[in-house]
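Colleague: Protein sequence lines correspond, in order, to chains A and B. Read left to right, the first sequence gives residues 2 to 166 (the working numbering). Read left to right, the second sequence gives residues 1142 to 1489 (the working numbering).
Reference listing, derived: stretches of chain A covered by chain B, where coverage requires no fewer than 3 residues with Cβ under 8 Å from a Cβ of chain B: (1) 25-33; (2) 67-74.
Every beta carbon over 12 Å from chain B, so not counted as near; a handful from chain A, in silico: (3) Ser21; (4) Met87; (5) Leu103; (6) Ala104; (7) Leu138; (8) Leu139.
It is worth saying that the hints were derived from the structure and are not from the lab. Note that the structure is a prediction, hence the values are computed from the model and not measured. For glycine and all other residues, C-beta sits at the position ideal for the given N, C-alpha and C.
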Amino acid sequence: MSTFYFIAFLSIFFSILVISAKNPVHSILYLILTFFTFTIHYILLNAQFLAIVNFIVYMGAILVLFLYTLMLINLNKESEPVKPFMIKIAGVFGGGILAVALASSLKLIATSNPVILKNPDLGLVKNLGKVLFNEFLLPFEVSSVLLLSAMVGAVLLATKDPKTA
Amino acid sequence: MGSTADILIKIGLILIIFVISLVMAMYSTYAERKVAAFFQDRIGPNRAGPWGILQPLADGGKMFLKEEIIPTNATPFLFIVGPSLAILTACIGSAVIPWGQTMVIGGHSIDLQVTDINVGVLYIFGVVSLGVYGVMIGGWASNNKYSLLGAIRAASQNISYEISMGLSIIALLMLTGTLSMREIAEQQHSWHWNVLRQPLGFILFIVCAFAETNRTPFDLPECETELVGGYHTEYSSMKLGFYLFAEYINMFISSAVMATLYWGGYNYPGMDWVLAHTGPAIGPLIGVGVFFIKIISFIFFFMWVRWTIPRFRYDQLMDLGWKILIPLAIANIVLTGIGSTLLTHFGF
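For reference, chain A alone in the conformation it holds in the complex (with noise of 0.2 Å):
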């Protein structure tokens, strides 16, 4: 317990720097410390594959792009927009509401009972495997096709129009 208790608070540290850090690459290089602490969650959770998979896709691809893009970006003090005063009280103002719900609704739940899985092993790839292709295999198959649709319409994207080229 106490370890989920520190890396949660790793977690929290490290996701509030992300925001505060000034420097933008920082705050990406930030955003790969929480993941990292989001795969020891799920290894804690004893779901291997998650956290594998998190680790793999969010940490060795998705983060690599955002840093390939941001450090091509020339991001300085200089560059940056100064916002209107006006959008600045705005964003107070909605910050404050934010805090106000979130600040009622915890008030309002009571402590759940802990849910006890059938299977704690669910987390392995055979049984998360096995579950995938038979009880969720519509589902699975669907967001499949999602992807493939968003990958053509990136191919799209990136052909030269005939006509311009």
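Based on these hints, arrange chain B on the given structure of chain A.
Modeller: Only chain B this time, still in chain A's reference frame:
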């Protein structure tokens, strides 16, 4: 958790593997120069010790004694984190590699593997994908245009070739049905090596391994004719040493992974006979020796290619990755699926 003896054995194993990785990396630098000399009809390093055998030590000493320079405009902390991360990610990959069969010494059975997690192959893949951060962070923190270009090239190359590497592994996993490195090694008993069932998959994997380790012909991140020194232009002393060292450790680990996944790991024809005649204490060690022969052959192959094939141009690199390797890898998956279905249903 096992007994204290088990934990001590594990710690000892980790230390031995760590030392072996470092020594292999050290002597890979020596071997690289000797191989280069052989290919170019030269003698190579021959001054430090007999046949220049102490050359790596001399190089290491030079690296340690050189002046540490952190450029004024660099981000100091990240400038140090870059090479540290590079060498860290290079070293942790060895944790899931099965080095040999289980040894039995005086009633104690010792697994010659640090840990056998059931997602071992994915772990290797994760470590490989993390490896690019060392180069990217170091290249960006140097605050130098050449370094940044090197880092960007490393990132795009890494992302592109990871895809075909993953796809080539998927075809292999369809045959093995497991993600555990030890089980994959055990399935290839004596001569049933996976390369016989997955020749195309192996070729795809080795090309991607070259790209992931930034070896020629894929060494665009440090292309000296265009980028001075690439991502390590600003680095000096042991921080540069770490980057160079990480490359050789990566080469060692990826050779070990290729040997385990495709070339049978510690298995060799006639191993049962040898094991029966040498006993459970010495027999596995012969398997380890065979495994290292395979690894060293792969390392030699890495060097052979480096001194034979010129570097790709950037667009050629991207064309190879996206237009040739990925379609081939997908075709390999389809063929493997058809093949294994025919095999189970009709039995030929």
